[in-house]
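J.: Remember, this note's numbering sits 32 above the position in the sequence shown when you count from 1.
Incorrect hints may have been included.
[To be verified] Taking lysine to any residue pairs in the SDA-like style, the calculated list, with each CA pair at most 20 angstroms apart, reads:
no.: 1; residue 1: Lys111; residue 2: Pro38
no.: 2; residue 1: Lys111; residue 2: Thr147
no.: 3; residue 1: Lys60; residue 2: Asp39
no.: 4; residue 1: Lys111; residue 2: Leu50
no.: 5; residue 1: Lys60; residue 2: Tyr138
no.: 6; residue 1: Lys111; residue 2: Asp39
no.: 7; residue 1: Lys111; residue 2: Tyr138
no.: 8; residue 1: Lys60; residue 2: Ile41
I should point out that these hints are in silico values taken from the structure, not numbers from a laboratory.
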Amino acid sequence: MTLQHPDLIIFYDGGCPLCLHEMRQLRKRDPSHRIQIEDILADDFPTRFPQIDPLQADRILHGQLPDGTVIYGLDVTHKAWTLVGRGWLTAPLRWPIIRLVTDRIYLWFARHRNTISRVLTGNERCDRCRID
Numbered sequence: 033m034t035l036q037h038p039d040l041i042i043f044y045d046g047g048c049p050l051c052l053h054e055m056r057q058l059r060k061r062d063p064s065h066r067i068q069i070e071d072i073l074a075d076d077f078p079t080r081f082p083q084i085d086p087l088q089a090d091r092i093l094h095g096q097l098p099d100g101t102v103i104y105g106l107d108v109t110h111k112a113w114t115l116v117g118r119g120w121l122t123a124p125l126r127w128p129i130i131r132l133v134t135d136r137i138y139l140w141f142a143r144h145r146n147t148i149s150r151v152l153t154g155n156e157r158c159d160r161c162r163i164d
């Protein structure tokens, strides 16, 4: 579903089983469709979102706010979960001192998410993961 004016657009890796799981969880908790979820591997992605570099979005999660501001990593995660009423779960990740550590952990996780996915789900990558 494409939204006219979402509160957040998330650009996720459509080949990552863990990414897919989180996007499904967000979608399930977002009945008012405040979040638009976009697969960076979609054939038309570069045409529809020329401002987002898919290679960079593959390295670190990207999100876009209504004013066009791009946010990254755990800031995207926290914004998304806040929009679906679960921001209290991710708020500590954004506290100043903790943020320094969690941002580094996130970058490590993002870099190794395929291996982590294989360990947790048995699947390292999907040929084409689907949210719906």
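J.: Need the status of pair Lys60, Asp39: alpha-carbon distance at most 20 angstroms?
T.: holds (16 angstroms)
J.: Run the distance test for Lys60 versus Tyr138: straight-line Cα separation, threshold 20 angstroms.
T.: violated (23 angstroms)
J.: For the pair we were handed, Lys111 and Asp39, check the Cα-Cα distance against 20 angstroms.
T.: Distance of about 9 angstroms is within 20 angstroms: holds.
J.: Within 20 angstroms, alpha carbon to alpha carbon, are Lys60 and Ile41?
T.: holds (16 angstroms)
J.: Is Lys111 close enough to Pro38, meaning Cα to Cα at most 20 angstroms?
T.: Roughly 12 angstroms between the alpha carbons, so the hint for Lys111 and Pro38 holds.
J.: Is the straight-line distance between the alpha-carbon of Lys111 and that of Tyr138 20 angstroms or less?
T.: holds (15 angstroms)
J.: Compare the distance between the alpha carbons of Lys111 and Leu50 with 20 angstroms, and conclude whether the hinted pair is satisfied.
T.: Answer holds: Lys111 to Leu50 is near 18 angstroms, not above 20 angstroms.
J.: Take the C-alpha atoms of Lys111 and Thr147, compute the straight-line distance between them, and say whether it is at most 20 angstroms.
T.: violated (26 angstroms)
Going down the numbered hints, you'll see the structure goes against 2 and 5, while the others check out.
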